[in-house]
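Chains as they are written, first to last, in my numbering: chain A, 1 to 534; chain B, 1 to 534.
Hints are computed from structural coordinates only; laboratory data are not their basis.
Wrong hints could be hidden among the right ones.
Identical chains share a label here; the pair holds if one copy fits it or two copies do between them.
[To be verified] Straight-line alpha carbon distances no greater than 25 Å define the calculated SDA-like cross-link-like pairs of lysine to any residue that follow:
{"hint": "1", "residue 1": "25", "residue 2": "413"}
{"hint": "2", "residue 1": "136", "residue 2": "146"}
{"hint": "3", "residue 1": "234", "residue 2": "191"}
{"hint": "4", "residue 1": "284", "residue 2": "219"}
Note that the structure is a prediction, hence the values are computed from the model and not measured.
Protein chains: 2
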Amino acid sequence: MSRPTRVLILGGGFGGVYTALTLEKLLAAEIRRGAVELGLVSRENYIVFQPMLPEVISGSIGVLDVITPIRRLCPSTNLYTRTVESIDLQHRSVQSTAGFGSRQHHLHFDHLVVALGNVTSFAGQPGLAEYALPFKYLGDVLTVRNRLIHTLEEADIEQDPALRRALLTFVVAGGGFSGVEAVAELNDFVRAAARSFRRVRPEEIRVVLLHAGGLILPELPKSLAEFAQALLMKRGVEIRLNTRLAGATADTALLEGGGRIETRTLVSTVPSAANPLVAALPVKKERGRIVVDAHLEVPDYPGLWSVGDCAAIRDGKTGEFCPPTAQHATRQAACVAHNIAAAVKGGSPRTFMFTALGKMGSLGRRSAVAEIFGIKLSGFLAWWLWRTIYLMKLPGLDRKIRVATDWTLDLVLPPDIVQLKTDRALGVRREYFEPGQIIFREGDRGDWLYVVTEGEVEVLRSVAGLGEQPVRRLGAGECFGEIALVSDAARSATVRAVSATNVLAVDREAFQAMFASLPPLKGFVEQLIASRRA
Amino acid sequence: MSRPTRVLILGGGFGGVYTALTLEKLLAAEIRRGAVELGLVSRENYIVFQPMLPEVISGSIGVLDVITPIRRLCPSTNLYTRTVESIDLQHRSVQSTAGFGSRQHHLHFDHLVVALGNVTSFAGQPGLAEYALPFKYLGDVLTVRNRLIHTLEEADIEQDPALRRALLTFVVAGGGFSGVEAVAELNDFVRAAARSFRRVRPEEIRVVLLHAGGLILPELPKSLAEFAQALLMKRGVEIRLNTRLAGATADTALLEGGGRIETRTLVSTVPSAANPLVAALPVKKERGRIVVDAHLEVPDYPGLWSVGDCAAIRDGKTGEFCPPTAQHATRQAACVAHNIAAAVKGGSPRTFMFTALGKMGSLGRRSAVAEIFGIKLSGFLAWWLWRTIYLMKLPGLDRKIRVATDWTLDLVLPPDIVQLKTDRALGVRREYFEPGQIIFREGDRGDWLYVVTEGEVEVLRSVAGLGEQPVRRLGAGECFGEIALVSDAARSATVRAVSATNVLAVDREAFQAMFASLPPLKGFVEQLIASRRA
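Work out the full structure: start from the sequences and follow the hints.
Encoded structure:
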C-alpha cells in the first residue's frame, strides 16, 4: 500500500468531534496499521457542552467543567488547534493559521468533513457589534458573568440615581431556548449576588427579556411556553413581547419603533450567519448552508461531506431540513462516519434519518420545561430530567464527576462573585453614537482620541452667560479629542453626535507610542492641536 | 456628633483585607451606629491566596478557588473596586479611576492605611517586559498555564526539530520560594499533560530552573534546600546554578555571560519594584518602602499608616526590617487595626512585634520542605503539613470546602488540558530584537507594521545568483513592513536587527482602521509605500 487515506474534519463542535469519535471506532484497525490517518482542525482544543453554558453565568458549574479536551475524547486523531483560513477543494488541501513563528499549515485530505457550524453576526444593526454581548462561546459567557459583577460593583458605589438605574438594568434579547436559559440564569445570579453588595437593594434590579413574538419559546408547545413565561415573570423577569432589538449605544438598548432602555448590560442571543469559509466554497447552498445528499455527501464533490449547523440536510424520513441542534449534529456525525468508513473499507452508505427525541429548556432554580417523546413536563420533574439527561450526555467521565460535584456544592455554597477580568484594553476600538448623543463632556477626563468614520459631530464650548455654544462641526476623516493625548487635562469642550455616527477610538497609550515613534505623524498631531487652539 | 470618622484602606492583599477584617470587629458598634465608615479600595474584588497560586498551573485547584470575594470577608466595609490614581495627603483624599462613564471617584479620609504592596518590574533588562511571563497575580498564572498548553499543542504538530525543541523547553528564572514552587508545579503539569499529546515524547521535555546563587531556596536551612534541589532534579528539572537571566527575545532566554536557551516559555519570578503610588508620596522611604514607627504610623503624618510589602517596618523585638511575607502582613494588619481603633475610641497603641512561625515551600506531587518553630521537615510529612496549614489559613469557609474538594478530585482525575484563551490580540505591542536577529523573512506572511523606536535594522532582498543583498538601513522613527498593511502579499524582503533594537508593532486591523479613517495618515503611508517601491 502506498500512502494512508487521509480523513480531515474541520470544526470542534458536536458534528466534528463525534465524527472523529465514531471513525476512531469504525476504522480502529486501519488507523492502527497506518492505512488511515484521522485529523481534526479546531480553533479550541476542547468541545463546549452548550446545554450547560448558561450555568457558567451563575458559577453553579465551574468554568472548565462544561468543556472537554478533544485529545482525551479522540486519542487516535491528530488534533490541529488552529483556525482554518481557506479550503482548496481543487488541490484537496486546507490552509490553517500560523502558530508561534509565522508558518502556515497545509493539510491534505482524501475525505473532508466540513462541520464548521455558523457564526454570530450583528451586521446591519447599529451599535450591536460594539455593545451587545453575544452568547455563543465559552468566552462570551465569561464576559457576561464579569459584566454582571462589574455593574454590581459600580452600582454599589454610584451616587447618580439615573446611572445607578442603568447599571442595575439587564437586558436579554431573544426569547428562544438560548435567550430564555440565559435570562433565567442571569436573573437568578444577579439577585443572589446582589445580597453581598451593601448598597444595592433587590427592588432596584431590573431584568428584561425582549422577544419578537407573542409568546416566548416558540420551539415548544404553547402550554409549556406559557408555564415558562409565567415562571420567569414570577421570578422577577420583565418580559417585553412583540419587541425587537434594533440597535444599541454604550448605555442604551434601542428598540424597533423608537423605544429605549437605559442599560449597561445587553445580551443578544439572536443573530447567526453563515460561516465565511462555508460561504466561500463553490458548492450549492441553501440559505448559506451546504446542500448534501441523503448520505451527507456534497453532490458532484466525491469525498466532501458536511454535518451540523453548516449543512442543509433533509431528513431521510420526513424530507424536511433538520434543525441546527446538538442532537441532530451527533446523529449526523455517526452517519457520516459510517459512510466514510464504508467508502474506505468498502460497504454501502446509509441514508440519514432521525426523529428528534424531544426538547428541553432550563428555567434556572429547580425548574425546567421539556417535551420528550411527545410527553410534556414542567417544573421540578422536568428540571430533574434535564440534569440527568445532560449529565449522561456530557462527554468524558471526569467531566461528569466534576459537574456532579459542582451541582452538589452549589446546593450548600453561596454563588461566587469574584470578577475575573479577562479583557485587556484594546488600543483601538469602534464606537457608535446616536443623533444627539453626547460623546464626551467638557470637564470629563479623557484618554481617547476619536476619528469620525461615518456621520457628523458638533463641538460645543461653554461661554460665560451663554451656556454651550457650537464651535465647529466635524465629518468623516476628521478627528477630535486629540488634546487628551498630549496632556492630562480634562476635556476642554463637549462633543455631540449630529447624525448617526461611527467613530474609531484610539487610546492614549497606543497613540502616544505610535506618534512618539513616527515623526511625520507626530507633526500631524501637533499641527492639528495648534490649529484647534488658535 | 457631626460626621463619621472615615478610615480608608488602599490595597486588597493580605495587609489591606486583614486590616478591614480586624477593624470590623474592633469597631463593630461604631460602624453600626454610623460613627465610623470603613472603606477599602482594591483593583480586584477578591483577595488572592498566594500560597496556592502555583497549584492553579496544574489545575489541581480550580481557578476561582484560590481567590475569595472581599465583600464576603468584610461585609461592613464599603468596597471600591477601582485602581488608585493618586493620593493627596494635604487634602486627605484619594483619587481612583473612572468606571463606566468617565467620572473619577474622590474618597476622603481621616485615617489612611497604605497597603498597596509592590509591583513586578522588568525595567532595564532587554526583552523581559515583552517576553518573560511574570508570576504574581492570578492572571499571570492563567497566562502561564495557557502558554504551557499552547506550546504542547504546537509541538504536537510541528515538524521542524529545532522549533519543536524550543517549544518543549520551559525556563523558570529565580530559585527562591516562588520560583521553586512554580517550577515544581510546571514540571509536574507539563509531564502529566504531555501524555495526552500523540506526538510528544516525555524525553523531549526540558524544564530548566535558573538560579543566581549556588543553592536554591536561600531562605531555608541548607539541608532542606539540598533536599528540594535533589528532589526537583530527580523529577526532571534541570537546575542551572550561578546563572542569571539577562534578557529575552521572542524565542530565547538570554543569560548573563552570553549563554542562551531557545524557549517559548520563560517564567520570571524575580523582580519587584516599589509601587509608583508609594514612590510618589512625600514621606520618608527606605529602599522604596514607607518608613513607619513602631505603631505602624508614618512619622510626621498623623493618621497615615502603612503595612505589608510597601512598608519598611522594624520588628519591635529584634529591631530588624520585616520580610515581605503574608504572615507578617496579616500580623501587621491586626496591629494597625488595633492602633486605629485606639485612636478612634481612645486607648493606647501597640508596638508591632512578631516572630515568624516558620517557612514552607511546596515541591509538587506529595512533597514539600518546611521549617516550623525551628523544626525541619521534608517530603510527605512536610507536604501534608503544608496542605493542612494553608487550608486552615485560606480565608472563607466556602473556599475551604471547594479547595478540599479540588484536592480530593485531583487524586482520581487526570489533569486538565483545556486551553482557555484569555489574551485578546492587542492592536499595538512592543518587541525587542537582539543584534543579528531576523525580524521577518522574505516570503513570510505578515500583518504587522513595525516602527523602530531604538536601534537600527537592515533590509535585505534576494538577488538571483547573489543571495540576500542589503537594500537599506533604518533607524529610530522609521518604519518597515508597511506593504503588508495594504496587501495580502508575503513579505517582499528580510529585515534583520543590526544593533539591539526596540520596535513598536502595529497590527493590520488597528492600522487599517486608523489610516483608512484619517486621510493625512493615509497619504503618509501611501507616499512611503510609493517611495520604497521606486
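To see whether the hints hold, each was checked on the structure:
no. : hint      : verdict
1   : 25 / 413  : between (41 Å within a copy, 24 Å between copies)
2   : 136 / 146 : both (16 Å within a copy, 21 Å between copies)
3   : 234 / 191 : within (13 Å within a copy, 52 Å between copies)
4   : 284 / 219 : neither (28 Å within a copy, 70 Å between copies)
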